[in-house]
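Peer 1: Since the structure of chain A is already known, use the hints to place chain B on it.
Sequence order for the protein chains is A and B.
End of the first sequence = 788 in this note's numbering, gap-free, step of one.
End of the second sequence = 1532 in this note's numbering, gap-free, step of one.
Hints were generated in silico from the structure; no laboratory data involved.
Hints should not be assumed to be uniformly reliable.
Straight-line alpha carbon distances no greater than 27 Å define the calculated DSSO-like cross-link-like pairs of lysine-lysine that follow [as the list claims (entries may be wrong)]: (1) A/Lys722 - A/Lys172; (2) A/Lys564 - A/Lys410; (3) B/Lys1406 - A/Lys122; (4) A/Lys179 - B/Lys1516; (5) B/Lys1358 - B/Lys1516; (6) A/Lys564 - A/Lys409; (7) A/Lys172 - B/Lys1406; (8) A/Lys409 - A/Lys122; (9) A/Lys179 - A/Lys722.
Derived Cβ-Cβ restraints for the label pairs, each shown as a range [as the list claims (entries may be wrong)]: (10) A/Thr220 - B/Pro1408: 38 to 46 Å; (11) A/Ser452 - B/Val1461: 57 to 65 Å; (12) B/Gln1226 - A/Gly736: 50 to 58 Å; (13) B/Ala1186 - A/Met197: 47 to 55 Å; (14) B/Asn1447 - A/Tyr708: 54 to 62 Å; (15) A/Thr220 - B/Ile1356: 29 to 37 Å.
So these bits of chain A aren't anywhere near chain B, every CB distance computed over 10 Å [as the list claims (entries may be wrong)]: (16) Phe245; (17) Pro720; (18) Gly728.
A virtual CB, placed ideally from N, CA and C, is assigned to each residue, including glycine.
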Amino acid sequence: MTNHWLSLIVAAPLIGAVINWLVGRRVRSEAFIGFVACASIGVSTVIAFILAFTDNNGAGAALFSEPARPVMSHLWTWMEVGNFRADVGFAMDRLSGIYVCFVTFVGLLIHIFATGYMHGDKSYYRFFAYLNLFMFMMLTLVLGDNLLLMFVGWEGVGLCSYLLIGYYVDRKEAGDAAKKAFIANRVGDWGVILGIMFVFFITAAAGAPSISFFEKTDLTNLVGNQVPAMTNAFATIATMAVDPFTINALIAGGLTSAAILLFIGATGKSAQIPLFVWLPDAMAGPTPVSALIHAATMVTAGVYMIVRCSELYVRAPTAMAIIAVIGAATALLAATIGLAQNDIKKVLAYSTVSQLGYMMLACGVGAFSAAIFHVMTHAFFKALLFLGSGSVIHGMHHEQDMRRMGGLKKYMPITFATMLTGWLAISGIPIFAGFWSKDEILYKTFSTQSNSFGLILWFVGLCTAVITAIYMTRLMVMTFWGTERFAEAHAGGQGDEAHAQAFADKKTTAHDAQTATIDDRQHHSPDEHVGAATSHASHQVHAVHDEHDDEDAHEHHGLAHGQKPHESPLVMTLPLIILAVLSVFGGLLGAPYALSLGAIDNPFHHTLEPVIAHEPNFVGGAANGADDAHGSPATTETHSAPVSANEHEGVPHGEGATAAHTPEEIFTERVLAGVSILLAAFGIGLGWTYFQRRPLAQMPRLLENKYYVDEIYDATIIEPIKDGSRVGLWRILDVGVIDGIVNGVGTVAREAGNGARQLQPGFVRSYAAIILLGALLVIGYFAAALAR
Amino acid sequence: MLINPIFALQALPVDVNFASIAPELIVIIAGVLVMLVDAFAAPKQRWLTGGISLAGIVAAGVACVLMWNDAGTGGVVTSSFNGMIVVDQMRLSFTFVFLIVSALTILMSMLWVEREALPAGEFHSLLMFATAGMMLMASGGDLVIIFLGLEVLSIATYVMAGFRRNDLRSNESALKYFILGAFSSAFLLYGIALTYGATSTALEGGTTNIAVIADRIAAGTAIYPQLLFAGAALMIIGFGFKIATAPFHVWTPDVYEGAPTVVTAFMAAGPKAAGFAAFMRVFVFGFPLVATSALSIQVHAAWINALVVLAILTMTIGNTAALVQKNVKRMLAYSSIAHAGYALVGFIAAGVTLDITKQNDAIAGVVFYMLTYAVMNLGAFAIVMLIARGGDRRTELEDYTGIGFKAPALAFALSLFLLSLLGVPLTAGFIGKVVVFRSALDPAVMNDYRNVMTLLVVVGVINTAISAYYYLGLIVVMFFRERTTEWRAPRVPASVAVTLILTLAGVLYLGVFPGKVIDAFRRNAINVSRLR
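Just chain A, with the same shape it has in the complex (with noise of 0.2 Å):
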């Protein structure tokens, strides 16, 4: 059904992008621009919601209508040519429903906290400008119709990420930063436009070209005219047989070649195995855009990606199980990571990537509305927890690294308050948001029969989790608990001599070095606190900032001597308060009938269960019902089961749903939810014991160093690109090659000009022989023509 108010949530925050980049930069009103900034965002929020939640033009609500229909905006065709379309448009089905909700609303709480972070700012304006232009970006990439157009979105979200990774243009690292996101993701990128293109042939082949989520049939445009009809794409590939499970697959030009170059897509944007690299670098732009972007929004777009595909995924078993391997070795990788990092926005980047990787899993054993929860969920939480870390940050006046915090629950209340909801959503504390997506994830890999090996995967799965809970309570006792070493820092003492140890390691590793100093705003120098017994062991960061220090003597960072710790505005707890709810109660939607006892029955999943993929494979497995404790067989058209086609059919709670849920089912889940509650309990008592007693104990020396994951790529790939650019390309090619050539003519257009002195090199005479000679050949070549 059309209705073109969905273009509106689009175009808001492009509008308020416009505005704050023409007017805002010549306004310098912090206020007006930071009202433009959120209302454009508001706006968008509203519609979101009225679209999502309510009956518009008697269609029924963008998530609820029976069956599943989407709401669509088709603005123009942007191009067309031979078989191939490719449309502006928008649609908001059940995915890109829920999506777009938590999507602009995270987004508006995240300006709003926003505008009291980046007080005070020299350039608010662009700060917004780009924050509204990202929003403009990620809705398309939710809300466009076809491929294309998300590829759109995709690299829009890409070029506003390194703006704003690189927002700080007057520190090095920040530029280091944006252009190693830009880079990686680009490597990724090659993938989605090749697997866009696949998915193009394999549709054309099958005689429907289309590269459409949705079949567009009966849509008017803006100016009230019929839009020719379009097929989806993935409609015509669930008509196709599954590919067979094999290595060979993954060349074989079919749908797992597909599947899998869209995944590369999705392991740069989403940060996976092999390309995580660089979303803990990004952690150098300012924390808003750390909570919108790399945590809650931007880097599940490969989630999002993955699910919208699912039709396809579901045809390619071997990609599934690469998705789901690489996703749980994501998981784990990060998260013992996470355990040693020190820097408290290092440690939710980790954190990050690791849940991304729980995501992944979740789509690799074909858990697709269970890898959605978990994304709403964690951009809930890790949200929270990274808006929450910027509040700390603002109140220790930019000090980021943990190791110079403690004892901060008594100076900032409401953000420790706010703070300990997400840490005990993300530890997977029963109730909390976290644990009912994550628990989820574990039980469907558990019971996956999209692979052999679901066991190993749950097992990595559950360690992972156990982690997850130690690192996040390490941070929450660095932070909150214990004694308060931003005094000592400068009373001297035992905090000096852990910094001195600390950067002392520093200067042996430079990577390390590099991104300690990765703070969030300009001047910082870590030995500004420690004084001169260091100053000695840092020189080098010293260095490059003792100019700074020069000219802004005045504008000091870090907590000065004697100054404590303060809560930050109500701009910035009031989004913190508000996750926070969220993060509480937000998970109670997925909440699954059996952990439920039978109160709740899982209704995320059954609003999203019309439009998602399930695995052909599966419908064997419906008839004795062992995956169907989740109600989660078959439903589109072409594989329904008889036991779902009841709740297809809208009676979701019904006898015949409640008759799904096996003792034996609920009985395993029960216990596996068990084992993850009390593993997260020890995980959290580990911790607690552990770092209450040492909050600066050494950690690993190869987890601080992150497994020396950026030296080997720098070795093994940065440093010969490098040399093969400096000695191939530029020695070679273009010093020898081309300008030899140019230099070649050069010369003898010289020594020819001796002779006579001429304004330009050629001579007519010789052109005319040229032409002579072509015209010949010519001539001769139809003279010959007519011979044969």
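Peer 2: Just chain B, lined up with the frame of chain A:
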């Protein structure tokens, strides 16, 4: 009674239809008017000539649009003056392109009125005549009209190239152009003569009417078929010179570099498109493939293969030579050669596509390509002209060093034009290339030529990649090199600003919403383009 031969001629149906040449007439009348006004106008009123020219072009455009709409109803003549003039979509689309080129050229030339003591009035009248010549080349259904149009165009252009009478480079450029142009015109005329001879039948004399040529080849009634090969070969050379295909391109860099920048812009966009119009008309419609005629198959294969080789040479030589240029005008000259090569791909596709609808799509693709090229090229040259200052002195690559942040608007606009020339998505150049290459890869292409067309597209794409080096190179020079000498941004007069706005809008519009224009170019695909 003795019958005077003249009366005998009058006995033929006269078939005069002035409506069918209304745009040409309007432009010619405007040209004459400009001459008169220029003779009597006071020096302060020199801008008048430009205004009159523009008015003439707008009027011709209106006439063109009216004919366009009539063509849709089917109630309009498809030829007049006994087949000398044709009215079809291809002619009207090309006419449209020429008018845009001329209008933008006039706007650019208004700079002379402000900045230099050049006789703009003369220039405008010459430009109008050149435009009329181009339009005749597109509307001619007869080799004679095409040749006349070509000469009207060429003679006006020779003069325009030498328009800076006190500048040796301009003089040299004009003279070179004239000598080589006359040389190539001779080829063309000889080719026409041979074709005329080749098509005579036992009962009638030869013909220069393109439709009749095709008929006689198909019917096999020509009595000297061998001459046809020589005729076709010579005409390829003549037209090849006009559109600057390698190896007949050698005049281009020198002439483009020496001519006043406005004229260079015009020559690269207008006459080249006119050359394509006539070239396609003669070969696609005059020498089509008719399966029942052995002669037709032979001739068709010969000219297609010859053009394939020329296209590959043109793309490759144009791009590789552009790599090493240190003068921006020269670089753009080689770039224009390369672009002729890309357009040739679409031309060949039209030649090897038998399905009439698809063939029209291919032709429309070439016209669209010419339109996109004209828009981005004129935009680029307008900025080159501004930066070159009076007398077109500063056109070396080093004159562009580091101007990016000193004249950001100009530099960004030029960057956009260069990106479009390169063919970056969301710009006109990209869609132009897509459209042309697409028709080359269309399933409607004859089986025998599938591989050849694929090869052409591959060469085209590789060449596009090569061309990135010099297009982006200029952007790099503008933005990432430090300038050591003093440089101030040139003032942008209103007329040039209008040109830039129009071309920028055109590049983006054609790049983002190409559908409408392409559809207009290929509308009524069935009832047009066939002369019969």
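Peer 1: For each hint, tell me whether it holds in the structure or not.
Peer 2: Structure-based check of each hint:
no., hint, in the structure
1, A/Lys722 - A/Lys172, "19 Å, holds"
2, A/Lys564 - A/Lys410, "10 Å, holds"
3, B/Lys1406 - A/Lys122, "24 Å, holds"
4, A/Lys179 - B/Lys1516, "39 Å, violated"
5, B/Lys1358 - B/Lys1516, "18 Å, holds"
6, A/Lys564 - A/Lys409, "12 Å, holds"
7, A/Lys172 - B/Lys1406, "24 Å, holds"
8, A/Lys409 - A/Lys122, "31 Å, violated"
9, A/Lys179 - A/Lys722, "15 Å, holds"
10, A/Thr220 - B/Pro1408: 38 to 46 Å, "42 Å, holds"
11, A/Ser452 - B/Val1461: 57 to 65 Å, "44 Å, violated"
12, B/Gln1226 - A/Gly736: 50 to 58 Å, "51 Å, holds"
13, B/Ala1186 - A/Met197: 47 to 55 Å, "49 Å, holds"
14, B/Asn1447 - A/Tyr708: 54 to 62 Å, "58 Å, holds"
15, A/Thr220 - B/Ile1356: 29 to 37 Å, "33 Å, holds"
16, Phe245, "35 Å, holds"
17, Pro720, "22 Å, holds"
18, Gly728, "15 Å, holds"
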